[in-house]
Structure formats: C-alpha cells, structure tokens
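Trainee: Sequence:
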Amino acid sequence: MGATGGSRRPSRLLLLFFALLFAFSVPAAAAAATKPAAAAEPSEAAAEQQEANEAAAAAADEEPACTTGLRDALNAAIAEMHTEHYMANELLSRYKRVPYVPVLACPLLQTPEGLWPSLGSLHPSDLLLQVLHRGVLRVATYGVPPQQQQQQQQQQQPQQQQPQQHPDGPHRAYRGFDWGEEADYSKDPPKGFFPDYLRRLVSVLGAHYGRGVSVHYMYYTSGAACLRSVLIGETDMTDIYFLQSMPDDDSLLHFSLSGGAPKQLPAPEAASEGTGGPPGGPPDAPQASPQDPQGAPQGPGGASGGPPSPGGAPGGPLSQGGAPGPVGGPKRGLMGAYFYRTCPVVGASNVFVTRSSLNFKSLKEVAAYIRRHPGSNTVAFLTAANYRTVAFLLPANTPFVVMPKAAALSAVRRGELLGLLLTGSLKPEEGLGLHALKTKVFSSVGPWLRRTDTPRCLAHRFRTDLAALRPRPAAAAAAAQQQQQQPLKAAARGPHAHAAAAVAAAAALVVALLLY
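Per mature numbering (1 follows the signal peptide of the UniProt record, and there is no 0), the sequence shown runs over residues -31 to -1, 1 to 485.
Honestly, I wouldn't trust all of these hints.
Derived lysine to aspartate or glutamate pairs resembling DMTMM-like cross-links, with alpha carbons at most 20 angstroms apart [to be verified]:
hint, residue 1, residue 2
1, Lys65, Glu399
2, Lys396, Asp157
3, Lys65, Glu334
4, Lys65, Glu150
5, Lys160, Asp147
6, Lys65, Asp153
7, Lys65, Asp165
8, Lys160, Glu150
9, Lys156, Glu49
10, Lys160, Glu59
11, Lys396, Asp147
12, Lys396, Glu49
Derived from the structure by calculation, the hints contain no laboratory data.
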C-alpha cells in the first residue's frame, strides 16, 4: 500500500510540473503571436513616408517651391525680436529720426512643435530648406533705374559710362536708393534702420537652426517688378519696408507676368476713372508705366523720396476723378490670393502734408476746410492703394489725384492742391514751407512672400487634417485603407488570444491540483 502510494507521488509531481509549464507557456506564445503585426506597422509607415518624400522631391522640379515653412520661421523670428524689444532698445536709439513704431500684433498659429517649424516636417521643396542650404535669403527691393543712374553719373563724372539696361532685364537695377537713416541701399552692404533690422532677423532665424544666413538684395525698378520676382521664384520675399495694410492689386493687374505665376492673372483694368494730371503736374510724366504697389521711389528727375512704401510715389500716369474701384480693391483681392504677409515688422505713421500758412491743428479742421471750400480741396495720394486705405480720414467725395511725391509737394506749395496724404514722413529739405499733420493712424510694414497654402505643401506638417484633401489613386487608397485596418485587426485579435490563453492556463492548473 505504502509502496504504491510512494510510486504514484513522483508521477503526480511530474504531471504537476508539466501542467505548470503549459500554463506559463501559453500566454507567452499568445503575446508573441500579436507582435509581428504591430512590429510590421512602423516599417510600412516608414516606407510610405519615404515614398511620399521621394515623390515630392521629384515633383518639386515641376511645381513652385513651398513657402509656408519660410513664412512661419520669419514670423517666429519677428516674434522673438519683439520679445527682446530689439527695435525699442537698439534701433530707435540708433536711428532717432525714423517715423516708425513697434507693432506687437501678430496672431501666430500655435502648433505642438511651437512657433518654429521643424525641418523634418517641411515639404522637401520648402524655401526655408533652400535658404538654409544656400545660406542666403534673396530679397527684392527698389533700385535706381539704370537710365537715371547713368544721368547722375554723367553729371558727376562725364567720362564714366554704364550700360543703360541691366543684363538680367529692363526691370532690374544695379543699386538702390539712399533714404538716409531709414535705409541707404547705395552702400554695400546697405546701412540704416531697415537693413539692420533685416540682418538681425535672418541672424535670429539662422541661429535657431544652427546655420549662418546672410541677406542678398536684388534691385528692381518698380514695386510690381519686385512682386513679380517673388511670384516666379527669382527672389524669396520682398524687402521688409513694403506696406502690408494697403495691398495694391492695381500693380498686379497692370503688370504682365511672362510666366511662373501660380495661375493666370486677370486682364489689366483701369486703376482709376479719368486720366490726365492736375494743375502743375509734371508735363513729362510717363504715360505707360504701371502704378507701383507701394509707389516708385521718385518721380521723373525728382529727388529720392524715402522708402517707397512709407513715402514713395508712383512714376506712372497721373490720375484724378472718382474712387479707383471700391474701397478694398477688386473682388478677387489679388495680393491676398497670390501672397502671404508675415507678422508686421513696424508701424508707419500717416501724415497730411499741407501749407504751413493754413495752420491746421487737427484733421477735424482739415475736414471743415474741405467742406467750406469745395473748389480748392483736392488732395493727392501716392497710390490708388493708399487712397483706398486712408481716404476714410477725409470727408466723403473729397476730390483726389494720384501723382508722384515730388510733384505733389510742389503743387501743395503753390496752392494748387490742398494737401498730400501719405504714409511715412518728410525729409527736412522736403518740408520747406509745409506742415506735416500727424493723423495718429499707422500702417503695418513687412515682407510679402508667394502664397502656397495647398495640400501639397501643408500635408507634411498637418498630415492628419489634410489627409482627406490629398488626391490618391484607387490602388494607393485601397492599400492605405488596408494598412490602416491592420492595427485594428491586430488589436481585435489581441484580447481574444490572451483570453483563450488565460482559460487554458486556468484549466491546466485545475487538472494539476486534482491530480495532486
């Protein structure tokens, strides 16, 4: 009896050992079975990402480069400079006579990665990647027309000759204007308020990404030519002194793009009703050049009038009569359709320039004078966009003209115009016999970039939000759908497999205990 019980005990212990071994091995096998599907998912996602990058890189040569990354990086750099109070602490103490104020109004889009875009999230063609790779930011800015530069050089050095046309085209210039403290683009490198600001801006941008970036200025004879260079990718952006608060669609309507535009622009239309100049207008004003978006730096043969955005004047035909289209511009809003604006860099004040003898103390007195003198209340504006933006400061139906700055100031001195409403300030030599009344209205100033807010450019940074907007072939869509379902199937199999393993292990333990 004892011998029989003793012989059975080792066999029961052996059965208990195998039961416990089975109980522990079943869950491990179930867990291992679910791993391959989960492990396969990252590799498939990586392959899809690589294929997408290769396809995007191949298409980059055929489609315009994306600009969203460069725009966001510039915005982040401007915001960082605002937090450092760079303008107030350094620029305004260095240049005390510039008519600009800080503008802290930039509603930046907060993303999980912060204000600065990560390079890995950008489309391969993004201009930010190109700028960092070449180490140069190409900036379109105003330049002295070669013909005018040649005339000036002949007056100073009659023996020196220079080509009348730039080798890169009739709208290119060899150098820029000298606007004093605001900007002196006749020097190499340029000096002044705006060049210093832009150099600091690109320095902040480059430092964030650990790259050295410099500014390369490319000079153009008009604002329209500057905008065209940005549209076709010849430059990365306009200079930072371009007005943002008065986008001028007229220049895009009048300027013929020879190619490279995102889409065909509408046919040119008249910028204003009526033609011809006011009394005292320059008789030799050109009759074919377009109205510049920010105003040409000077009239024919006139002195430099400061940066064209804050205080320049178009060299195009004089115009007068009714409002040049509805306030707000054409229905499409071409500047908004084709260009990004960054955060404002600075604010430029608007002033009403009139004869000192009138002794106006406020805009209310100007409005009262206009109503009392209907026959002598014509006001000049530098561009049609300037009129549309700030004409609300004057009584409705105030007669106006669009004309160059130098000619307008001369007409105001002679009493042929009541005044000139412009954005910016006057140089001391320009203000002789005149009074500049501050309106306490400021216009934002900053660069413009070509707009590319398409799914092709944004999908890399906002893949989840734009997945539905990306057109894909049926086969690719089916494969993607199958790939998306694989994790769901694996997740569905996982709980069932683990549950079955648990039941088997429990049964094995019960059998072992009964046998024991």
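Trainee: All the hints need checking, so say for each whether the structure fits it.
Mentor: So, going through the hints one by one against the coordinates:
With a C-alpha separation of about 18 angstroms, the suggested pairing of lysine 65 with glutamate 399 holds against the 20 angstroms cut-off. Simply put, lysine 396 and aspartate 157 have alpha-carbon atoms about 23 angstroms apart, too far for the 20 angstroms limit, and the pair is violated. Note on lysine 65 and glutamate 334: the hinted pairing is violated, with a Cα-Cα distance of about 30 angstroms set against a maximum of 20 angstroms. With a CA separation close to 9 angstroms, the supplied pair lysine 65 and glutamate 150 stays within the 20 angstroms bound.
For the given pair, lysine 160 sits about 9 angstroms from aspartate 147 by alpha-carbon distance, which is consistent with the 20 angstroms threshold. Between lysine 65 and aspartate 153 the CA atoms are separated by roughly 16 angstroms; this keeps the pair inside 20 angstroms, and the hint holds. For the hint linking lysine 65 to aspartate 165, the alpha-carbon distance of about 14 angstroms falls within 20 angstroms, and the restraint holds. With a CA separation close to 8 angstroms, the supplied pair lysine 160 and glutamate 150 stays within the 20 angstroms bound.
With a C-alpha separation of about 28 angstroms, the suggested pair lysine 156 and glutamate 49 falls outside the 20 angstroms cut-off, and the hint is violated. Our distance criterion of 20 angstroms between C-alpha atoms is met by lysine 160 and glutamate 59, whose separation comes to about 15 angstroms. For a cut-off of 20 angstroms, the pair hint linking lysine 396 to aspartate 147 stands: about 12 angstroms separates their Cα positions. With a CA separation close to 32 angstroms, the supplied pair lysine 396 and glutamate 49 exceeds the 20 angstroms bound.
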